[in-house]
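Two chains, two separate frames, one set of hints: put the complex together.
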Amino acid sequence: MPLSWLVLLVLALAAAGYFIGRIRVLKLAGGDIRALHSLPIYYGTNVALSVAVPAIAVLLVWLLAQPTLIERSVSGMIAPEMIPEGSNLNLVMSDVRRVADGLNTAISGGAMSLAEVEAMDATVVDVRARLGELGVALGQDVRPEVLAAAKSYRSAAVTGNTLRTLIVLALAGIGFGISFSKTKPDYRARNVVERAVLALLMAAASLAILTTVGIVLSMLFETINFFGLHNWRDFFFGTTWAPNFRGDSELSILPLLWGTLYISFIALLVAVPIGLFAAIYLSEYAGPKTRAIAKPLLEILAGIPTIVYGLFALLTVGPLLVNMFGQSGSLGLGWMSGATSVLTAGIVMGIMLIPFVSSLSDDIINAVPQTMRDGSLGLGATPSETIRQVVIPAALPGIVGAILLAASRAIGETMIVVMGAGAIAKFSANPFESMTTITTRIVSQLTGDGDFASPETLVAFALGLSLFVLTLGLNVLALYIVRKYREQYE
Amino acid sequence: MYDTEKLGTDVNQTETKISARNVQVYYGDTHAIKDVNVDIDAKSVTAFIGPSGCGKSTFLRCINRMNDTIDVCRVEGDIKIDGEDIYDKRVDPVQLRAKVGMVFQKPNPFPKSIYDNIAYGPRIHGLAKNKADLDEIVEKSLRRGAIWNEVKDRLHAPGTGLSGGQQQRLCIARAVATEPEVLLMDEPCSALDPIATAQVEELIDELRDQYSVVIVTHSMQQAARVSQKTAFFHLGNLVEYGDTSQIFTNPKDERTESYITGRIG
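Chains as they are written, first to last, in my numbering: chain A, 1 to 490; chain B, 1 to 265.
There could be a bad hint or two in this list.
Said to hold, decoys possible - What the simulated footprint calls covered on chain B by chain A, stretch by stretch (three residues with Cβ under 8 Å from a Cβ of chain A suffice, anywhere in the stretch; the number is not a length):
1) 73-86
2) 94-100
As the list claims (entries may be wrong) - Here are the simulated lysine-lysine pairs, DSS-like style, with alpha carbons at most 27 Å apart:
3) 484(A) <-> 112(B)
4) 27(A) <-> 151(A)
5) 106(B) <-> 484(A)
6) 112(B) <-> 89(B)
7) 99(B) <-> 89(B)
8) 80(B) <-> 34(B)
Simulated from the structure, these hints should not be mistaken for lab results. Nothing here was measured: the structure is a model prediction, and the numbers come from that model. Note that the Cβ used here is the ideal one computed from N, Cα and C, for glycine as well.
Looking at chain B on its own, in the form it has when it is part of the complex (with noise of 0.2 Å):
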């Protein structure tokens, strides 16, 4: 079905993309998340895991600034990607969003035929020159998110009239299309089922030969599955990070042994 293949990364031999020093986040009195330090590898996916309300999505909403659009949240501390400060007053959040993609927990496509979903994204960046540049633009970007061949007959059918699988995979070929260098997954298989599942998680493999892959979820098989590198949050916390394949067979700190072993959580 996909002509891409499937790169064996070396985990070792990778760059820093992602840089966060001692960052906090208030949701006005409260405080939300505590002094996180972390690096972020470039083309490697980096999953989030932790029990409800501990601060991995808030914190992962903090790398494309999507939390400038809630009124009373406030962040501190320095979050660096390719060693550029993105809260600096200079860094346009739009142009920074441009740049890091995000893919949301619910599908939610633009109720607008499928073609004009993906052009969306293009359209606002000036990516095609002509018609033909965004016709191309949009069927790579479909053909990335393993969508293609299911959608190439009706292109001009609306977005929100495919399954929730599909409309998921639209939604990741529709942040594609804008070619950001880091793609971040807000829980994104969590309103689908096994099947649909399992064919974003194969996509999402695919996709961190290009892209820096930032997954939040609930689910540690998947997170086991899919991850190169794995951070545990509790309570605001980032209480260890490190290789997926180290978090999950010999943890270090006893709170990830316990959430793993699923003694809390």
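Just chain A, same shape as in the assembly (with noise of 0.2 Å):
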């Protein structure tokens, strides 16, 4: 039986099973709702989830298990020596799994019978040509050893498959028969189905949190190779970033971190000032109509692809500085050669993050309470005496914990520095100058057509590996803030 017709059979007993486990426990209640412990719907859910959750779960795990068991099985039959230069065991069993499923083809279709399949030698016959006719091109010649494993990975496939749809659908089976024997009025049905819930809950949260340890770790095992292969004194403590394609490359995190570093600083010396005034604006002194149009506005930005963002630096801020700073530019200056540049990616950046600047900041000024404004207020304040001595000190540990954010978002952005900020790395204090970051070299380490199992492109882990660290450190201490200071009003 098909995979699918298999699933639908058993949602379709589910299905059956609600409106019988609701029909029962009606009729045992003699129509009389309030005789029974819970409403019909959870007495119907139960019996459906009877059916499908054990049903299913047992079809998931035979799915998952099947094929590495027979692909295990059927590799024994290939012997290491039968294996052709230049080729490997996987190439080989993939082969195998490709004329197994011709060989279903042809059954299935009608072009040949089981017994012919059976007895069917590669010898005698052309198998290549023979699959071809019936619509399933295979690379090479198909050698005796293939055909045979060829034949018992189909016969143990087809075993597993027939297994399968009886052992799932007796315990569909088993599930309706306990969970209709027990479809009685005083049966709480409606803790089960609420525990079946949280499970669900705490499986959909757990898979969160599992797909982060998944890339944690998988960042760490390609980090351990790397440092398997490369010094990781230069990694940590090296001066120069120089990778090489034949080898023996100087990769050091150090300037690279520099440049991050540096435009970052410079993206927050935008968008903290502007930031943070654009929200004191808009909670103290903004009126509701200019908020309800400027903060939407103002959100906007946030919105915009990082992409774009990265052409508005190449195309008109890069440009509109080499005009001010560069060679001719009007201020004569000719500090500036080319439009990538730290100031260039950290001026845009910088208006990425103000929105986000902003936002937080805006939450958090209109978190403090009124009562404290009109206490200064009351003493005869000044608004902005008591938005500068009052309302920004009881919000700052929330205004440190959003700028602490959004350096975080700053350390990890990729498109703008791709296309702002250049790709040459090194120390230099001067913003004028092309520089480049971790998040940069991660792009042009993995994309280029290096070989994986080098170090020049294992690197780029080991480079996600420090940056997911350092902003994960970030994000935790500005959590940490954020929280201290939400207990101090309650």
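Okay, here's the thing in structure tokens:
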């Protein structure tokens, strides 16, 4: 039975169970809903869940386990010396799977009988031509051991599928039987259903956490590989970033870290004053009408994709800065030679962060209780004194948290720096020079043509993990500060 | 505990501090205060009583123009303090509020140290010439607020760490520190327990030797205990205004009588 049919059948059984459970319990209660412990839908849902959940769960496990198990037993049939030069077991096994699929197609299409397939001998028949007629293209001629393996692969898969169908249907049946016999008016069906919902919620939460753990672990393993190939002292304490695809590269994070922090610093220099002042204006001075228009407009900035900011940096801000600070620029200073520079990327990234800072700060300033403002105004303070001496100090921890969150965004930002900052890794305090960041180097190291197992590629994972640790630290610090502040007024 | 002596004031020999004539207050389309006329005596305690929503707090907030901070609020009529119209265009509400202090329903100490809470007003208005001066103002105000003994060893601890009753006395001390002439109190004891309430009431009684105190309260016993004059508000009208003893023993208006005896409100 095909998989989709099996799933549909189980679901149909569950749906039937739902109605049967409802009807049975109502009948047992003599039609009086108040005699039931739970509402009828809970009895129905309970039966449906008992039918579907174990059956589908076993089906999922089966689907994951069966190919691995069959593969393991069949791959024993391919002796190491049978693997051709320049190939490996995985390539041979993928041939085996293709041939097995082809045989299946042939049988189900009626082109060959089961007996014909079993009798087929690769030394006699040209299997490639035969399967080619049936629309299954193979890259090379099928050797006898591959055909043999394919035959046993096919038969194991067929047996497995049959067994799968039987077990899943049996489980659905058992689930139905048990829950049906339990369906009586005093059965606490609602509690059971609610526990199932709770399990669903917990599964969703743990999936999110597990994904994070998985991402970190995958980065960690590749990073360990990298440190097996490259000296960690050079990575953490070296001073030069010079990847060389012939090997013998100098791969130090420090110049990249410097570029990252420098650009983020300039971005915060732009975003924090503008964002904070905008937040103060919006929350303390603007009337409700201005606020209703200005706040969403400001937040539109947050919705612009960062690649568009990157274009803006490359095509507008960069040339503008060159026109001012370049050789033939309006100021005649000759400080800047190209459009890509720390300043270009920093300014544009700062613009991107403005709504981030202003929106969070605005929320935090609004959270300062009105009684605090009243108290200050009632003492004869002007609104401006009130903001400077009471509202901002009260909101300061939250604002610092907002700034730290913005900083971690800035450090992890990629597209703007790819397009606006340039690609030269160096230590320099001159904001008119090109510089590069951790994120841009990750992009360029992983998208190149290099061998994946070389340190020049794997360094991307070490860089990524360092970046993750850095932003995670900032986020934890920011959340800690914000949370501490929140408790102050409760 | 307190070294201040209670002064027996003679209710009859008083001058008028605040006089209100034909005061109307509108919140948008709602007519919240209707035609209120009242003369509040200097150096005495005046209580505003009445059921919730009767406009007593609104009227209180007119006296230091706190209603200016509410966009939809509009005030008409004359309110004079010492004969000076406080709604005149030349009057800066900020300066007015330095002269007319306010204590709020919920204790609202700033998230600063106890010292800085008290020093806030004097610093803003430049009342202290130097640090020693400021120290003196802080100590004096805390003594007036009857909280000095409890906090003198921890002046630099945060004001928000005090108990509710201490916080409210801190707020009173903070209001006193700017040396106002009038002290407005909007239900200052509603968030406090009976012991803290008793302490604050005792404090209010002491304050009247220097300030004109106007207190809004929901507790008629409190009005009777601390005030010399009482005004009864009902549905935005000032129904009756007179000596506290007369209002509580011999009300002229039957609405006042109904409220005091618990039939309305």
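Evaluation of the provided hints:
{"no.": "1", "hint": "73-86", "in the structure": "violated (count 0)"}
{"no.": "2", "hint": "94-100", "in the structure": "holds (count 6)"}
{"no.": "3", "hint": "484(A) <-> 112(B)", "in the structure": "holds, 16 Å"}
{"no.": "4", "hint": "27(A) <-> 151(A)", "in the structure": "violated, 54 Å"}
{"no.": "5", "hint": "106(B) <-> 484(A)", "in the structure": "holds, 22 Å"}
{"no.": "6", "hint": "112(B) <-> 89(B)", "in the structure": "violated, 34 Å"}
{"no.": "7", "hint": "99(B) <-> 89(B)", "in the structure": "holds, 17 Å"}
{"no.": "8", "hint": "80(B) <-> 34(B)", "in the structure": "holds, 17 Å"}
Comparing the model with each numbered hint stated earlier shows that hints 1, 4 and 6 do not hold.
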